[in-house]
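A.B. asks: Residue 216 in this note's numbering sits at position 216 of the sequence shown; the count goes up by one each step and never skips.
Possibly wrong hints are sitting among the right ones.
Below, in silico cross-link-like pairs of lysine-lysine (PhoX-like), each with a Cα-Cα straight-line distance of 20 Å or less [unchecked claim]:
hint: 1; residue 1: 493; residue 2: 209
hint: 2; residue 1: 384; residue 2: 275
hint: 3; residue 1: 433; residue 2: 443
hint: 4; residue 1: 263; residue 2: 427
hint: 5; residue 1: 513; residue 2: 209
hint: 6; residue 1: 427; residue 2: 351
hint: 7; residue 1: 448; residue 2: 284
hint: 8; residue 1: 427; residue 2: 261
hint: 9; residue 1: 180; residue 2: 197
hint: 10; residue 1: 284; residue 2: 295
hint: 11; residue 1: 458; residue 2: 263
hint: 12; residue 1: 162; residue 2: 281
Cβ-Cβ distance ranges computed for the label pairs, FRET-style [said to hold, decoys possible]:
hint: 13; residue 1: 430; residue 2: 335; range: 19 to 25 Å
hint: 14; residue 1: 235; residue 2: 362; range: 19 to 25 Å
hint: 15; residue 1: 297; residue 2: 437; range: 24 to 30 Å
These are computed hints drawn from the structure, not numbers from a lab.
Virtual Cβ for every residue (Gly too), placed ideally from N, Cα, C.
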Amino acid sequence: MPDVEPLRFPSREGRPSQQDQADLQAVCSSGRRRTCALLNSPSPCVNNAIYHIQELKMTVENWCQQPGKYQPLINQDKHQYSKTLRYQPRDSDTESVTSTELFVEGIAISASESCPLSPLLKKINEVLGEVLYLIERLEADRQYAEEALHKEKRRKRFLENKVDSISLWKQQEHSFVVQKEHEACIRDITELKWQLKLEREKLDQAQEKLSHTEVLNQTLHEDINFAKKQIPIVNENLALQRGIINQINTAQAEADEVYSKTKSDFILVRNEFLKMELETKNEKISLDYALLAAKTLLANRLEELNQLKKLEEGLFAEIKDAEKTVALTEERCAATTQRIPEMIELEETEKARILQLKLQIEDEMRKNTKLKEKLIAQQEDIEKTRLHGEAEVSCVEEQLHSKRNAYAALRKENMEYEQNVEDYKIKMSESKKTVKQMHEERKQMLQKIIDNDEQWEKAEEEVTQVVARHSVTQTKLEEQEQLTFMEEQRARKEIETLKKDLTGQMTALELLKFLWNTLIVLAYNYDERYEEVKLHKAQSQ
């Protein structure tokens, strides 16, 4: 290792001064900085050494700041670069340790064999030993690096010699290689010329194809322009046809709505008509039962009259009582006679109502021009007739009830019973007349319904004709659309094929251009090589 300038302490005893502390710090921290560059090396060993030296510095500073605990005994030798620093502790209780001497930068720190070492001195000795070990490792690394550098220098010289020999060999055999390259270049040039001829022929063919494709493209453009000109006409026709179709659809929808409404109204009328038929049948049956009951009552009354005639002779004794009863019956007859005008008024009102109904029916026959109004009027008539029929039935029931009561009260009065029977006959005839009128009205309603059905059938036939026309027009439109779509597809396919041919021809042209450029570059390189060979031959001669 190279020499290092030593740091000297003054040869005096006692507490070290500030200058001594600074010198010790310089020894521990910045020694060997100028020679082996310990602090500048990046290895972990050097880092550990720096860390331990810093710890040693801190411990020495702390130790120097403790007054009077240790007395350093410094023996200065006469040698210029050798100074020994000896420490003796005052305490005699510490353990005895073997003497150790550590030399750093020409200064040795030694402990006597008889004096025990303090823990601070032990730590200092350990740290300095580790520092020395690390420095030895660094020196070994430096030697290994120097050996590797010498090896690399030797290898460099060997490679330089080898490169020189190869360059000499190349200079000797360069003429033979140049001749071979010249022959190969001549062959390449002939092949390239032949390929150039072929490529020129291909170029001529491609140009012919290009001209043909341009002509086809022009014709295609003309066809496309013609088709574009015809597109607005076709669109106008399509718009007109769509408008007609929309009108037909709206008319068909309206007809469907009217048909559905009339059908529903017809179903309602039919149901009501069936109900009316059932009600009239029931009324007829009830009236028949009432007639049978009246006939049975009349038979019973006749039998009773016969019995009364037989009992007339036996009832003279009871004439007075009968006269009293006759008086009572006369009073009752007066009451009944008072009721007779009311019944006549009721009959007149019923007749007036019947006349009103006839007038209403005639008015409805005139007004029923449309299906909806006819159906509504028919519903109203049916409801009115139903109400009138129910009122008549209720009146008849009330009359029957009153007559039954009168018959029960006036069993003994034969004359009154006969008059009542005649009244019943009159009312039955009137009811028969009303029934006949109802039958006639029913027939008229059926005829109206039949007429409505015929009108509906006519409307359905017209709608079917319109639908058939619409379907025919739709088929024609679909055929025209298919034809236009097929023509567009054909035009697109032809355009795509032409585009593909054009792209192929363009790629072929680009390849030919690239080959032409490569041939030019190769010829230029060959000329340069040929000139270099000529120059080399001239120089060698």
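A.B. asks: Taking the hints in turn, state whether each one holds.
C.D. replies: Do the hints match the structure? See the list:
1. 493 <-> 209: Cα-Cα ~19 Å, so holds.
2. 384 <-> 275: holds, 14 Å
3. 433 <-> 443: Answer holds: residue 433 to residue 443 is near 15 Å, not above 20 Å.
4. 263 <-> 427: With a Cα-Cα distance of about 40 Å, the restraint between residue 263 and residue 427 is violated, given a limit of 20 Å.
5. 513 <-> 209: holds, 18 Å
6. 427 <-> 351: holds, 12 Å
7. 448 <-> 284: violated, 25 Å
8. 427 <-> 261: With a Cα-Cα distance of about 42 Å, the restraint between residue 427 and residue 261 is violated, given a limit of 20 Å.
9. 180 <-> 197: violated, 26 Å
10. 284 <-> 295: holds, 16 Å
11. 458 <-> 263: At roughly 14 Å apart (the allowed maximum being 20 Å), residue 263 and residue 458 satisfy the hint.
12. 162 <-> 281: violated, 140 Å
13. 430 <-> 335: 19 to 25 Å: holds, 24 Å
14. 235 <-> 362: 19 to 25 Å: Check failed, 59 Å falls outside 19 to 25 Å.
15. 297 <-> 437: 24 to 30 Å: holds, 28 Å
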